[in-house]
Amino acid sequence: MSQISTNSTKKAIKVSLKALLLIPAILSLFVVFLSSKQFAKTSPFVGIDSASWERFSTVFSKSSIPACDNYPWKESENLVGDCAGSLTVFKGDPATVSSVETCATACCESDDCVTWQFRKDVGCLHGGDVRIGMEKDGPASWCSDHAPRKWEGQYVMQRAHGQIVKNKEETGACSLDTWNPNEQPGQCFGLGDVKKTRKDDKSVLLNSARACMEACCAEEDCGAWQFQSGLGCFYHARMHGCIDTSDPTVFEPFVGRRKFRSSREYVDMKGKPWSQKLE
Numbered sequence: 001m002s003q004i005s006t007n008s009t010k011k012a013i014k015v016s017l018k019a020l021l022l023i024p025a026i027l028s029l030f031v032v033f034l035s036s037k038q039f040a041k042t043s044p045f046v047g048i049d050s051a052s053w054e055r056f057s058t059v060f061s062k063s064s065i066p067a068c069d070n071y072p073w074k075e076s077e078n079l080v081g082d083c084a085g086s087l088t089v090f091k092g093d094p095a096t097v098s099s100v101e102t103c104a105t106a107c108c109e110s111d112d113c114v115t116w117q118f119r120k121d122v123g124c125l126h127g128g129d130v131r132i133g134m135e136k137d138g139p140a141s142w143c144s145d146h147a148p149r150k151w152e153g154q155y156v157m158q159r160a161h162g163q164i165v166k167n168k169e170e171t172g173a174c175s176l177d178t179w180n181p182n183e184q185p186g187q188c189f190g191l192g193d194v195k196k197t198r199k200d201d202k203s204v205l206l207n208s209a210r211a212c213m214e215a216c217c218a219e220e221d222c223g224a225w226q227f228q229s230g231l232g233c234f235y236h237a238r239m240h241g242c243i244d245t246s247d248p249t250v251f252e253p254f255v256g257r258r259k260f261r262s263s264r265e266y267v268d269m270k271g272k273p274w275s276q277k278l279e
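1 is the number of the first residue of the sequence shown in full-length UniProt numbering; add one for each residue after it.
Mixed in with the good hints there might be a few duds.
DSSO-like, lysine-lysine: derived pairs with alpha carbons at most 30 angstroms apart [unchecked claim]: (1) Lys-199 to Lys-270; (2) Lys-199 to Lys-136; (3) Lys-277 to Lys-259; (4) Lys-277 to Lys-168; (5) Lys-272 to Lys-259; (6) Lys-196 to Lys-272.
Read the hints as simulated data drawn from the structure, not as lab findings.
My request is simple: use the sequences and hints to build the entire structure.
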């Protein structure tokens, strides 16, 4: 009986060893599959069409971003969001920067370029240092830390040359009968930090477009608001730089990097280290 048990154990060990030897081969096949065109054409995310995923999976790949040896790119981030005019179109021959790789290389080789972005519709963008997301130290130039998304929002007051030309009653934007939350589907800028509760009643959560609008309308100097379900409510006296949404490409992510600056601390308003959460 013990001999049979011993033989069974030996056979089990041999089978286990053979299985272990197969693991590298299986992993290799899996890697090949992930890098194949067929996988690239299949979006793993609900709501993203195959064509958009194929473009994004190609340009987002770390292997497509050339390293910058003299001035390394800041690690673990990708400038997928809009930079609100902080970057400008590459001033050289556009034909020389017609891809992510060439745009990155051109920035790396330029002492004047700290930040770059690329997207097919706008091409290669270069600029100086920028803040991202909730960073508060650094220059005034700022980039969103998330890919472009559709928003709800509206001007509740209209201004011209610094003067109010239509108040809240005249725009009708503070009435549920006449408001239009779809007025500004493209992200706007200048609205400040996210507002989580009403200023006059901290128990009221600003977790919907209606709540955001009503909170803005309750404040005398609020002139515009925007709401996005994943990001929250934002409002301020003014907003500007609203993204033109006539071309659906504006909702596709950018690809970009910035050079690490040793003079920066990369901290939020409380002085705590802040880093981008890659989507």
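Note to self: Run the distance test for Lys-272 versus Lys-259: straight-line Cα separation, threshold 30 angstroms.
What the structure shows: With a Cα-Cα distance of about 21 angstroms, the restraint between Lys-272 and Lys-259 holds, given a limit of 30 angstroms.
Note to self: Checking one constraint from the list: CA of Lys-199 to CA of Lys-270, max 30 angstroms. Satisfied?
What the structure shows: holds, 21 angstroms
Item checked: Holds or violated: Lys-199 to Lys-136, with C-alpha atoms at most 30 angstroms apart -> holds, 23 angstroms
Check: Straight-line Cα separation of Lys-277 and Lys-259 no greater than 30 angstroms?
Finding: It holds: about 18 angstroms lies between the C-alpha atoms, which stays within 30 angstroms.
Note to self: Holds or violated: Lys-196 and Lys-272, Cα atoms, limit 30 angstroms.
What the structure shows: holds, 20 angstroms
Next item on the list: Assess, step by step, whether the Cα of Lys-277 is no farther than 30 angstroms from the Cα of Lys-168, and give holds or violated.
Entry: Distance ~37 angstroms between Lys-277 and Lys-168 Cα, so the pair is violated.
Violation of the numbered hints given earlier is confined to hint 4; every other hint is satisfied by the structure.
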